[in-house]
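Dock chains X and G with the ligands against the given chain V, drawing on the hints supplied.
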Amino acid sequence: MQPDTTAVLRQRHVPGSLDRVGASFGFWAFQYRRTWRGTVVSSVLTPVLFLAAMGIGLGTLVDDGGRLDGAYLLFLAPGLLAATAMQTAGFESMYPVMGAIKWVRTYHAMLATPLGVSDILLGHLLWVVFRVTSSAAIYLAVIALFGAVASPMALLALPAATLCGMAYAAPIFAFSSGYEKPSGFAALERFVIVPMFLFSGTFFPVSQLPDVLQPVAYATPLWHGVELCRALVAGTQTLADALLHIGYLSLWIVAGVTAAMFFFRRRLESTG
Amino acid sequence: MSVPESRRQLSVPVATVEVVDDSLDAAFIHARGLTKRFGEFTAVDGIDVDVARGEAFGFLGPNGAGKSSTMRMIGCVSPPTEGTLRILGMDPGADGPAIRARLGVVPQQDTLDTELSVRENLLIYGRYFGMSRAAVRAKTDELLDFVQLTDRAKDKVEPLSGGMKRRLTIARSLINDPDILLLDEPTTGLDPQARHSLWDRLFRLKQRGVTLVLTTHYMDEAEQLCDRLVVMDKGRFAAEGSPRELIATYSTREVLELRFGPDEDNNVYADKVEGLVDRVEVLPDRLLLYTDDGDGTTAAVYQRGLLPVSTLVRRSTLEDVFLRLTGRTLVD
Amino acid sequence: MTTTLRPGSGSETLLARIVPLPGTSARRASLMVERNALVYRRSWVIIVSGFFEPFFYLLSIGIGLGALVGTVSLDGRMIEYTAFVAPALLASSAMNGAVYDSTFNIFFKLKYAKTYDAILSTPMSPGDVAAGEITWALIRGLIYSTTFLAVMLALGLVGSPWAVLVLPAAVLIGFGFAAVGMAATTYMPGWQDFEFVQLCILPMFLFATTFYPLATYPSALQAVVVCTPLYHAVELIRSLTTGLVDGTVVIHIGYLVVMGLIGLRVAGRRLEKLLLT
Ligand SMILES: Nc1ncnc2c1ncn2[C@@H]1O[C@H](COP(=O)(O)OP(=O)(O)OP(=O)(O)O)[C@@H](O)[C@H]1O
Ligand SMILES: [Mg+2]
Chain V
51 MQPDTTAVLR QRHVPGSLDR VGASFGFWAF QYRRTWRGTV VSSVLTPVLF LAAMGIGLGT
111 LVDDGGRLDG AYLLFLAPGL LAATAMQTAG FESMYPVMGA IKWVRTYHAM LATPLGVSDI
171 LLGHLLWVVF RVTSSAAIYL AVIALFGAVA SPMALLALPA ATLCGMAYAA PIFAFSSGYE
231 KPSGFAALER FVIVPMFLFS GTFFPVSQLP DVLQPVAYAT PLWHGVELCR ALVAGTQTLA
291 DALLHIGYLS LWIVAGVTAA MFFFRRRLES TG
Chain X
261 MSVPESRRQL SVPVATVEVV DDSLDAAFIH ARGLTKRFGE FTAVDGIDVD VARGEAFGFL
321 GPNGAGKSST MRMIGCVSPP TEGTLRILGM DPGADGPAIR ARLGVVPQQD TLDTELSVRE
381 NLLIYGRYFG MSRAAVRAKT DELLDFVQLT DRAKDKVEPL SGGMKRRLTI ARSLINDPDI
441 LLLDEPTTGL DPQARHSLWD RLFRLKQRGV TLVLTTHYMD EAEQLCDRLV VMDKGRFAAE
501 GSPRELIATY STREVLELRF GPDEDNNVYA DKVEGLVDRV EVLPDRLLLY TDDGDGTTAA
561 VYQRGLLPVS TLVRRSTLED VFLRLTGRTL VD
Chain G
-15 MTTTLRPGSG SETLLARIVP LPGTSARRAS LMVERNALVY RRSWVIIVSG FFEPFFYLLS
45 IGIGLGALVG TVSLDGRMIE YTAFVAPALL ASSAMNGAVY DSTFNIFFKL KYAKTYDAIL
105 STPMSPGDVA AGEITWALIR GLIYSTTFLA VMLALGLVGS PWAVLVLPAA VLIGFGFAAV
165 GMAATTYMPG WQDFEFVQLC ILPMFLFATT FYPLATYPSA LQAVVVCTPL YHAVELIRSL
225 TTGLVDGTVV IHIGYLVVMG LIGLRVAGRR LEKLLLT
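Note that the protein sequences, when read in sequence, are chains V, X and G.
Under the working numbering, the first residue of the first sequence is numbered 51, with each subsequent residue one higher.
Under the working numbering, the first residue of the second sequence is numbered 261, with each subsequent residue one higher.
Under the working numbering, the first residue of the third sequence is numbered -15, with each subsequent residue one higher.
Calculated directly from the structure, the hints in this document are not laboratory data.
From the three backbone atoms N, C-alpha and C, an ideal C-beta is built for every residue, glycine too.
If a hint is listed, it holds; no wrong ones were tucked in.
One side only, chain X facing chain G, incomplete, derived with CB under 7 angstroms:
(1) VAL337
(2) ALA361
(3) GLU375
(4) TYR388
One chain only, chain V, in its complex shape (with noise of 0.2 angstroms):
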């Protein structure tokens, strides 16, 4: 009622930045309690089974075929660990981020607190980080299980996958954000992850695509995030190699953030 108080009451509450990207992030987690089983249930099983499949089943036919270096297992495993990030990232930048903004409108009721668009963004990209680290880090001790794991350099390879994750998320959150319809997910689904999951070196080595798609393979942030795994987990990482790969996918984190920036400003800050 009387505008003297509010105006002392909010200047006493005013959260530090920090706070305030843990607020957004908190929510996040909180929404998370309530169907966190049937994610884990998943998110142990999947590797589990495309491992059994892929990597043992079909593994024995590549292995009989002679024409890898070494086991397909070893192979497959650390690729499978950079695609899953690809895709949880992608999962978690979709359609809760378009819900956020259109339907549940969540994002507009923390915009009504101390929240700013930075800090609801950071704090939702940062909650992206935790779901795809915590799922890589399962992944990553299943392949431990299997055996598939070289060198305690390994380890190095959740951080690894996590940067590959965010690759995908960063510009996929401005993809939801700018792009107002939710028909968009089909297609970038259809035509962007899949054929990515598929061809970027994951399953095979990508000297095995046609002369012409090599380039756009090596282009893509996954295959980055592969090779980067793939080395850290058979303990062959050299430093240089390294470098290139994470400054790469760096940069798609940057560009990715800062065109979210733009359209979350754009679609919360002028439609109030």
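Below, chains X and G with the ligands alone, put in the same frame as chain V:
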């Protein structure tokens, strides 16, 4: 508020209407001991209904009385738990499709197909009745015009306003030229103009021999449209008759409405007017005194030294019947 | 029991003619198909794009990974890995499409859009709705199977004239899975339960001899794999495209037919119970 005499006389006696063939039972809808239970709960408790061809039959009753449950059983989308039910001389259990082919249904909740446009909703619905595409198209155009949605024909259903959706549902119920029209609160959400245009249409359909069964919370609607009414409460019929019969039986000729100040306790005043009339109803905002001489009673109230903020003498309506029978007001 | 109101007119759906259900008329079921065609007329792009996923899998696993595998031994004959995996991808995409159509789509219409509530106040019966929706899933599946088969022909992956039977076989696969999927959907209280659908589909996709022959498994596991419906679907299509047809084809067909009929019966009954309350 009652329908003008001239208008009432327009309703054609049933016997002279020869639209439908005569081979059917006299009662278009015939129910004995009709019962619907949901688990332990009895929603409809052994009611008997007979509706003749060309009749307009209405259900009144408070929320949860069992009106919609009854309508759904008559519509052959809800099997009765007990009792016999015959529609158009057929058994809903065995001949559901054949019966439904001749029904038009406006359910309480709109069930429009949200994946289709306004026009497509009517087109495909007509097709479900086995109508040819050409016949459906012609009927669709006519109905869209009737409910004034022609300019929205290509739109999706979702963005329509509530009243527009209702109008589309009503249009849909007429697509197959039904012999029986089941209308569950048809005019809820309609603006006055749309409501009157629907009443007019229903009136003309009735003249052509179409049987109307409707539920409503609006007494003017019931008075306008229905030849016969039942007041339903807790799954049973509390009263039955024509609007005028009901008023004559369950109410007095006139009603005196007294309003006191907003903060006054009406129960106190109820005690103070005791003895003046046989029946007093205490509502949150006013006192109703049932009397055959409104002006005389008004004078008597002032003689007792009471000073109401306002007084109003009016004729009894179905609302008063409803209040008497169910202890509740009609619109709640 | 079959009630036809104005007999004679309209096209009959294949399915409803083969499978008489109580209170179901083929003509009425075909109206359900007409409704869906009307809905998808605007979004045909979605239907077209659905073809690409199995095609990408064929290029990646079949050709890319196939180059590393070389040949596979099947019934004592060596065949190219691509020719081995392609029919399996056709079968599993027939399964996927049918399951998707009969679970997510039906659930949405049943629980959210309430599409069937209105339909059932017309002469349409729950059996008509079930038969019509399944027929629609089969038509969609047939479009995908046809294009996939054309790609296989173009890539030289079809090795036998038996392949003319691939399309009817794919329709049969779709029928089996759509009917069971629809029956399962009627038991699902909420969206979370689709996690369970995924949990049935993914292991089958990965293990039902899609990517490598049955002989790769130890014999105990072979017995389990042989019980899954996708195994029969994959083996049926594979024997037709490779020409290695023998008596077991009858078992595969029988398995899918029985599965479909049971599913259809259950789905019709359950819909009746859910919708006519
Ligand atoms: N499918 C159902 N399952 C369980 N109970 C039901 C079901 N349908 C109706 N009921 C119950 O039956 C009773 C009568 O409901 P019904 O819808 O027939 O009332 P109504 O007279 O139409 O009320 P309203 O004026 O609010 O529309 C209510 O108590 C309701 O909760
Ligand atoms: Mg009701």
